[in-house]
Amino acid sequence: MAAPMDAGGVFPIKSKQVAVDLDGEATEVLCCHYEDYDFIIATQLNKMGTMVEVTRDVVLQEMSAARPSYTTRVLLGVDEPLTHVIAKNLLSKLDTTKKVLLSFSLKDNSPKVIQRLSDVIKTVVE
Amino acid sequence: MSSMIEPQLKYHVFSDKIMDTVVNFQVLKLKDSFYVWMGSSNKLGNVTVAMPTKFSSVPSGSVLLGPSDSHCLTIAQRLAKKTGRQVFVSGTVDYNQLMLPLIEKRIGQELQNFPEKFHDPS
Numbered sequence: 612m613a614a615p616m617d618a619g620g621v622f623p624i625k626s627k628q629v630a631v632d633l634d635g636e637a638t639e640v641l642c643c644h645y646e647d648y649d650f651i652i653a654t655q656l657n658k659m660g661t662m663v664e665v666t667r668d669v670v671l672q673e674m675s676a677a678r679p680s681y682t683t684r685v686l687l688g689v690d691e692p693l694t695h696v697i698a699k700n701l702l703s704k705l706d707t708t709k710k711v712l713l714s715f716s717l718k719d720n721s722p723k724v725i726q727r728l729s730d731v732i733k734t735v736v737e
Numbered sequence: 156m157s158s159m160i161e162p163q164l165k166y167h168v169f170s171d172k173i174m175d176t177v178v179n180f181q182v183l184k185l186k187d188s189f190y191v192w193m194g195s196s197n198k199l200g201n202v203t204v205a206m207p208t209k210f211s212s213v214p215s216g217s218v219l220l221g222p223s224d225s226h227c228l229t230i231a232q233r234l235a236k237k238t239g240r241q242v243f244v245s246g247t248v249d250y251n252q253l254m255l256p257l258i259e260k261r262i263g264q265e266l267q268n269f270p271e272k273f274h275d276p277s
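If you're matching them up, the sequences are chains A and B in order.
Position in the first sequence (first residue = 1) + 611 = the numbering used here.
Position in the second sequence (first residue = 1) + 155 = the numbering used here.
Since no wrong hints were added, every one of them can be taken at face value.
Example chain A residues on the side facing chain B (calculated, C-beta under 10 Å, incomplete):
#1 S626
#2 D632
#3 Y645
The calculated BS3-like cross-link candidates involving lysine-lysine, where the alpha carbons are at most 27 Å apart (straight line), are:
#4 B:K165 with A:K733
#5 B:K272 with B:K186
#6 B:K184 with B:K236
#7 A:K704 with A:K723
#8 A:K658 with B:K209
#9 B:K184 with A:K627
#10 A:K627 with B:K272
#11 B:K165 with B:K198
#12 A:K658 with B:K165
#13 A:K625 with B:K165
#14 B:K186 with A:K658
Calculated from the model, a selection of chain B residues having no Cβ within reach of chain A, i.e. all distances over 10 Å:
#15 T208
#16 F210
#17 D224
#18 R233
#19 G239
#20 E259
#21 G263
#22 L266
Because the hints were derived from the structure by calculation, they are not lab data.
From the three backbone atoms N, C-alpha and C, an ideal C-beta is built for every residue, glycine too.
Produce the complete structure using the sequences and hints provided.
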């Protein structure tokens, strides 16, 4: 397959795309690095699904040993506590201070899948 | 570790010079919908969504992120009407009366020339 992501080699928005098999489900992860946001799509349905804006909170230096904390805002989809939990967990492995627009649509919301998916997201974003 | 497989999501980019400004475009083909980003800067800017409904000839739309007086929304609504899909449009362009129609025309052109990069025929 041609690699459309480096079309012309000069396209200013860097992007990376991978697909993995998670418990028998084909899972697509795509990340586009914009100047102000990282846009991450993680999907098992090939749809946009739930969109969440995730902002990392600014914490004091002496607090930084603690886990990073995030503010999540649901832009599209069901705004229930589980959505916020999944969004925070999917990005828990990342170490970025940039804002993230996360879009996910999963058939399986089990903790095991979320954990493994967060590892995949880390490899795609970094 | 999870086994890698071949990605299925079709991601397409193109650039064009519109009124002496280079405008970049991204198209991501999704199931029953597609995502378009356009911009002369590298910012995500607005994110809008529109989809046709049976209740009105004008597709229903909403601004998800960014200023609510978005020009992206009108483009999203027109693309939704043209394709009958749910359409996500985002981007930042220095909007002016002359450039906006040209940008929209350029997307329309690409949609006409490469419809398979936007959606599967239904």
